[in-house]
Amino acid sequence: MRTWLVLAVIVAQIGTLAFMAGEREWVVRTGRTILLRTAPVDPLDPMRGAYVRLDYEIAHVPRALCDDEIARWMTEASHPGPSRADAVVYALLEINRVGVAELRNLAHDRPSGGHFIRGRIQSLGSDHVRVRYGVEALFMEQQAAKALENAIVQEKMGVPINAEVAVNSRGLGVLKGYRWEPLGLTITLRREQPQREPRTTRPTGGGALLGLVVELKNHSESPVAIVDPAVEGVLRLIPDARRNSDGLAWVRAASVAADPGPEDIIVLAPATTRRVDIDLRSPQWHVFNPADAGSRPAPLSEFTDSPNAWFRIEYAPPPPEGLPQREATALVRHSTLRSRAFSPAGLID
Amino acid sequence: MSTPAAWLSSEIDRWVADQIITPEQAARLHALYPAPPTARPWGLIVFFGIGAVVVGLGVVLLFAYNWDAIPKAGKLAIVFASIIAAHGSGLLLWRQRDWRRLLGEGFLLLGTMLFGAGLWLVAQIYHINEHFPTAFLIWGLGALGLAWALPSVGQALVATFMLTAWASAERFAFEAPVHAAVPLLLATVVPLAWRQRSALLLAVVLSSLYLLMMLNVSDRGGGSAAFLVAFSVSTGLLALRRLAVPHGLPRAMDGVLRFFGLIGFLLCAFIIGFRDAADDVLELTVRPGRDSAAPAVYLVGVFAFAVGTWILTALRARRRSIPKLELEEPIFPLALVLAHVLALTGATEWPGLVAAVFNLVLLGIATAWIVRGCREGHVRAIILGSLVVAATVFSRYFDLFDSLAARGLAFVIFGVLLFVEGFYYRRLREPAAAKGDAA
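Chains A and B are the protein sequences, given in the same order. For the first sequence, the numbering used here assigns the number 21 to the initial residue and increments by one for each residue that follows. For the second sequence, the numbering used here assigns the number 2 to the initial residue and increments by one for each residue that follows.
Chain A extracted, bound-state conformation:
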């Protein structure tokens, strides 16, 4: 009798592992594969070894994209009450032109159809929610993780990673691998020269942001076309979703889309770069506070006292129907790219 009991527990142990592996293997084999845009951070897990931690764009959800029930949780979050940490939510996704899944809406109950992935609430704020989808760790051998980390900060700087995730009908996601975006976007800040004390070399202040040099580089092994970033409307100044509680906004946030001509479709050969200089002092790049009736548009450099005003440059090529028809248009990569976040005080993330 006791032998059967011991055997039953052993079978339960092996069965638990088999279920854990089997469920995920089933998702990998039969689930839909989607691409999720990431921004990696890199730690070491003592129990599971080296891994690259992936931070997804869909993990940071503004209030506007949450359903009413989640919005209510966000309102209640500042008061004592039941904790919503680990509450199950579902991110409804829309696949864009380059096959990357973008967040359409965050719901508290499971959708009946469409693309979606199941997550759990990690933290709730009054204006945004952070969600964990269980696919934030890409485990690899330590040398490979180191090589990936080096690539992210050096030769592949500014190149987004797209995670391949298999998702089943209940929204369970399993990370399968990753792919690099063909294009990378980097920025270099142009700052004011810092003031120095007389007879010393110690800076006393200054360094406010005057402009940016934006570079688009083709990191793939085949030619990729871009819409010239110098064309008005192709580059946009967007507030950082996680750190812009000062409420500043770009004056041209609601402007008309770009209208490039045939000469504005540029084919980048592998490893070539297109560079454009932006003067943030010019009126087209001014910012203001829409919630303040007395706020007037001004250059970013005048907002150095706003510690919670962070922005990104976004490269957003027009849709195919908005481009002139020429041979190179077929090579245009219709992928939105975002730079690292930067502040009016000349700090960069």
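Since the hints were derived computationally from the structure, they do not count as laboratory data. You may find that some hints are simply not true.
What the hints assert, rightly or not - The list that follows gives simulated cross-link-like pairs (lysine-lysine, BS3-like), each with its CA atoms no further than 27 Å apart:
no., chain 1, residue 1, chain 2, residue 2
1, A, K196, B, K76
2, B, K73, A, K196
3, B, K325, A, K166
4, B, K73, A, K166
To be verified - Pulled a few chain B residues facing chain A out of the computed Cβ check, cut under 8 Å:
no., residue
5, P24
6, L92
7, L120
8, V123
9, Q125
10, Y127
11, H128
12, I129
13, E131
14, A150
15, A177
16, E422
Heads up, the beta-carbon is just placed ideally off N, CA and C, and yes, glycines get one too.
For this one, chain A is given, so just place chain B on it according to the hints.
Just chain B now, with coordinates in the frame of chain A:
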């Protein structure tokens, strides 16, 4: 073979070889001192065990080095094959009646460890980044199942460690205390420790219970609530051991209960013997929010346990079903009640008075031990009492005595006390020594 029997057996053979005794005499001596039938080949077990561990480590390192190159199916095969091999071998050996049963338990323990490792390896293979404390919970429950099925102290130790890791990870990484962990350990591991009469398991699970209760209650109740919980548990354990001894509590387990009870109580009393600490530690406040009722549940529960066991002990001592209470024993529950009254009534307005009272508590207990030790010839009680007095006096040296004169006087008094102690001990032992000489 036991050591003396083994030695005699080899010597008998040598005597025969040296013609000191005849072979017939040797046979009679062998028959008179036979080797125990169930002797364990410890040498074989130790070398086999060490060899197996070293080989296993080598295999693990080889796999780890080539892990990335091994396909997913291969990795899963390695994980499952190792668990099945360990558990399978363990089960087959465990079913034997002799020393192989012990070896089987060892393999089953290895199987449980591989099960835990398997959880993390499968997570790595499939890049799973779910709520990681759940892995410790599953691991612990797997070990707990075998701990009861076999039964096995080793499996229970693994279960205790993993369930503690689970609850601690929830508390620290997610600020979500798991209150269910405490009754889970109480209901599953403590009875197993009693059933197996294992002092080691009892010590480990008590450590875990202290840790988890203090961690959980401090989430809303702060350090003061954690202090009071520890104080209550320690006081309760001192009574529990008195109640359990008539029910066959083994000496080793009695020692564990007494150790945790005394150390916990003395430490708590020592802490609030400092004026500043008394002010901080007895200031009970509850942080509002989720689970704000939890501190009250813990505090009331353990206080009721402590006071209840002492009332029961006093009643049974009065009925003489257990030995009568010693001189210092009523001080334990009274000090506990006093600490709670002070914490609840906000009597920390007089921290100096509070500290003085608990210093007297310590000195009272220490004096009772010294007197009893001198009277009954228990050197350990005298030493323990003297150490408590010394610790109290030295700590007052730093925080209470403002002048060198006062400090000097305190040392003189303490020194005189030690002399008196020695004289009193000698005087009381003289009749016993004289009796011994006469015999």
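Legend entry - Supplied contact hint for E131/B, tested at 8 Å Cβ to chain A: Check passed: Cβ of E131/B comes within 5 Å of chain A, closer than 8 Å.
Legend entry - I129/B as chain A interface residue, shortest Cβ-Cβ below 8 Å: holds (6 Å)
Legend entry - Q125/B as an interface hint toward chain A, with CB separation required under 8 Å: At 4 Å from the nearest chain A Cβ, Q125/B passes the 8 Å test, so the hint holds.
Inset, instruction - Quickly compare the C-alpha distance for K73/B and K166/A to 27 Å and report which way the hint goes. - result: holds (21 Å)
Inset, instruction - With chain A as the partner, please determine if Y127/B meets the hint condition of a C-beta pair closer than 8 Å. - result: holds (4 Å)
Inset, instruction - With chain A as the partner, please determine if A150/B meets the hint condition of a C-beta pair closer than 8 Å. - result: Given a least distance of 4 Å, the restraint on A150/B holds.
Inset, instruction - For the hint on P24/B, just tell me whether its beta-carbon gets within less than 8 Å of chain A. - result: violated (47 Å)
Legend entry - Straight-line alpha-carbon gap K325/B to K166/A, limit 27 Å: violated (69 Å)
Legend entry - Satisfaction of the L120/B interface hint, Cβ to chain A closer than 8 Å: holds (7 Å)
Inset, instruction - Let me know if the C-beta of E422/B comes in closer than 8 Å to any C-beta of chain A, holds or violated. - result: violated (52 Å)
Legend entry - Closest C-beta approach of L92/B to chain A relative to 8 Å, hint status: This hint holds: L92/B lies near chain A, its Cβ roughly 6 Å from the closest one there, short of 8 Å.
Inset, instruction - Under 8 Å, Cβ to Cβ, is where A177/B needs to be relative to chain A, so tell me if that hint holds or is violated. - result: holds (7 Å)
Figure legend: structure checked against the earlier numbered hints; hints not met, in rising order: 3, 5 and 16.
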